[in-house]
Amino acid sequence: MSVLDIAKGMGVTLGHLFKRPVTVQYPEQRATVQPRFRGRHHLLRHPDTGLEKCIGCSLCAAACPAYAIYVEADENDPENPTSAGERYAKIYEINMLRCIFCGFCEEACPTGAIVLGHEFELADFRYQDFVYAKPDMLVGTKGSKWQRREAEKKGKDVRLGFEAGPRPELEGVDY
Amino acid sequence: MKVTINDVSMDFAPGTSVIDAVFAAGYDVPYFCSQEYMSPIGACRMCLARVGAPRKDREGNWILDEETGEPKIFYFPNMMATCTTQVMEGMVVDTLSDDVKRVQNGMVEFTLINHPLDCPVCDKGGACELQDRAYEYGTGESRFVFDKRHQEKHHPLSEVITLDRERCIHCKRCVRYFEEVPGDGVLDFIERGGHTYIGTLEDGLPSNFTGNITDICPVGALLDTTSRFRGRNWEYDHTRSTGMDDAGGSAIVIDARTGRIERIKGALNPEVNKTWIDDGTRFGHEYVDADDRLRSPLVRKDGELVPATWEEAAQVVRDRLGGLSGKDIGIALRADATLEEGVAAKALAEALGTGQLDHAPRPAASVVPQQAPATLTDLATADAIFVVGDVTEEVPIADLRIKDALKGVTPPEMMAHGVPIADLRLKEHPVFHRERLSVAAPYRVDLMKHAGRTASYPAGGEAALFAALQAIAEAQDAKAEDAEAAAVQLDDGQRAALGMSLADAEALVRGLREADNAVVVIGGFVLATRAAAAAAATFAKAVGAKQLILGPMANSYGLELLHVGPSHDRYAYPGMLEGARALILSNLDPAQDPDVRATLEQKDFLVVHDLFLTETAKIADVVLPARSVYERDGTTVNLEGRFLPLQAAPVDAGESEDFVGVVGALGDALGQRLEGRSVRSARRVLRKRFELDPAELGPSGELYRPKGRPAPRVSIRSDEAVGGNVLVTPSMLRVEYLERNPHLLALSGGSRLRVNPADAAQHGLGDGEAVSLRVGGVVRRARVRLDAGVPAGLMLLPTLPEQPVGLAHADLATLTRDERELEVAG
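Going line by line, the protein sequences match chains R and C.
Here the first sequence stands for residues 1 to 175, numbered as in our numbering.
Here the second sequence stands for residues 176 to 1001, numbered as in our numbering.
Keep in mind that a hint or two might mislead.
Short, incomplete list of chain C residues facing chain R, as computed with Cβ under 8 Å [to be verified]: (1) P295; (2) F319; (3) R403; (4) H413; (5) R470; (6) V954; (7) R958; (8) D962.
These are computed hints drawn from the structure, not numbers from a lab.
Note that beta-carbon positions come from the ideal geometry of N, C-alpha and C, so glycine has one too.
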């Protein structure tokens, strides 16, 4: 290694000293994620009826390479249906520790009920808190379980540490 | 017959169907309507292939191809349904050409015209024949864009079967099943063409074998309601085991998910149940997942049962039994314990030094035939059958095998790919040769619908019935030797005992004697007394018939072979309840009888090993959680002497153990290495004892015939007097668990007290009324059912393990309306 090489290397370092840094001072500063970023799952509803799109078919669980999804289905009460059709997901759970955010569940879903959103701040303290149930993922729920717990404790709105680009699946739906 | 399938030439027996030839050659054609044990009818048109054969001219010479000089192949003008086509000499079958592919694509497309593609919500999804065939043979898209047929989506055919009429592809399997297999004919096609749907005219499905249609439905049209939406097919753990609800030993598959049994399906055992199982076996599993299942041992401390560990419980048992002489300790198993559990119980009894060991219910007479034992295959190929008892309720699978015999089609030869898919000897709308079957029972039983001769002898008169038949047989013998001998003479008592006309009885005896393969089926009523069982055996021998004895529970035969019995009749189960100072009871609940309960409360020590906190468990000192029959590894022996394997399904049952586990824990506490401490060590004993390896049993099991003379059997009752006003009848549904089986409870309406309408009027009982009654001491709750098939002066009640089949005395003063039931209703 010659002195010239060292000078070259230092040159790169010096050059970056005068460039705008790419570092984001997260969490004080909000990060931006790309539109196709795959974060925490959302369970969607039919926009017109408000019924859940999920029919509890377990295909997401079958497609999941990490065995992170557990579904238990049941029959809809015809008077007061949860989803369109005969069947709905009585229990829908995703273990966020196991999930590798590959998006196969999205691909497998025959009704487009599950989409991966943009939330990624899923850190928590206890194992069982990483198992997200239906109320934690149904569309309209903002933030991870911890964020919502914290917001409730402080009496404030959930603050997400990122800004998302547009997400067509989640757009134009008034819940 | 030499047949060429694509490029493979093979020889087949005449009468083989082309579809079987194709499969035997290792090729595949799609099919929906064919089913191994039912008639091929070519309804679905899915198994089309190009078939041709050479022809002969008028002189009987093959017509030759002018170019090659070989016999010319004349192809059928259209594609042939291979399931209904027989092989012919020199036949050529083509399943691979583009023409065949095009036709198969077309058929899939056509079948899917009206099939709703709701696979994601369909319970059949993932195990659906239509789904698989559409994937393998379909084009992937349809040209039919119009609306699909709309029909009822969830029509409850019965409490346990849901029909989705949109999904039906009209293969007719279910309709043929009911016509051909149980012979009940309760389903049919209604309307025509595109409007055709499956329906029944009657309310529900009046048959004992309805669940099988959910197994054979190639699509998700007929579904098991107990497992409706419970899980997807790929999520289930499939455990092949043996049904333990009756002595038939049907092969079953237990489908469990996340530690719960979700459904039971029939499995293939060509020697025993083919693929059919009865509704009691199929739907009677829900009790296993009941909320009040015991999950850990309980030990009585300061008068209260408190949870404990197995070690603590075993210590308590050791300490408390230590103060007792071995002779004072009684051990009793329910007769659906496995052979391994039997070995363990014997080892424990030996270690404790007691002869008070028994299994219950154990009939007065042996369930192992002493001569000419029949197998179920013998039964299915018999040309004369005489049934005494209610075989449909005792061993339902024997009922189906009897119907095989009535159809007169012998079991098919196995082929390279297994059971032939289309057995052309089977015909739609089969003729049941009723004259081959005679049924005798004290009341009207289901099988009498199919019997050529029926007899209603007085209850408890089995010995007299067989004695009278024996007299006829002897008179016929005398007649055969000497034409001058007097005709059959019976006195009035004997005539009454027959329950049928003398001419009928004579024809019955002659039929059995002249048959090449006659079978006498001996039910529980006969086994209730030794005299009747002996008379039955003598009669069977006299007419040269084989015997099939219907044991009361799944492993009665095996436990008797293994001699899990007392050393003296005083020590048999009823005597043990009286005499022993300490008792270890596995899955038995004798305290349903208040008198026995009072006796048990006086015992020094009572250990109960059961699934639930039963009446007996409530007064026990130590309660150990038991495994259900679906959670045990082991071996059972069915009524024909076939060793069959049991495999434990992955069910979340807490810390429960089978009796092998109990003995293992007690052995540890006693500081002894007992022979039955584990399934493996118990199997070592069995290997030595029976010279076959229970760990290596094939899926069809292994038929075992005891060598030499059987060891003397200790009877259960010294008092053989029989009488009573209630006849305890065999039951396909296990009454002890019925209340925890919500679907079966809804289907059956609960435990039934069947009463003659005239008697009911006399006692002031109305149909459907909930009553309680002490029968033979046991407090029974049941719902009254008026039934003209019940003889006057007799009431029928289904059996419990603690209440064996046969006559029992009921104190009619205790007959009361069931207050609890009324409270629930109110």
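Does the nearest C-beta of chain R fall within a distance shorter than 8 Å of the C-beta of C/R403? holds, 7 Å
Hint validation: C/D962 versus chain R, beta carbon distance must be below 8 Å. Holds or violated? violated, 35 Å
Given hint C/V954 near chain R, where the shortest CB pair must fall under 8 Å: violated, 37 Å
Going by Cβ atoms only, is C/R958 closer than 8 Å to chain R? Not OK, violated: C/R958 not within 8 Å of chain R, min 28 Å.
Just to be careful: measuring from the Cβ of C/H413 to every Cβ in chain R, is the smallest value less than 8 Å? violated, 16 Å
Chain R contact restraint for C/P295 - C-beta distance below 8 Å: OK, holds: C/P295 within 8 Å of chain R, min 4 Å.
Interface hint check: C/F319, Cβ to nearest Cβ on chain R, cutoff 8 Å. Holds or violated? The hint is violated - C/F319 has no Cβ within 8 Å of chain R, the shortest such distance being about 21 Å.
Can the hint on C/R470 be confirmed by a CB-to-CB distance to chain R that is less than 8 Å? violated, 21 Å
Going through the hint list in order, the structure does not satisfy hints 2, 4, 5, 6, 7, 8.
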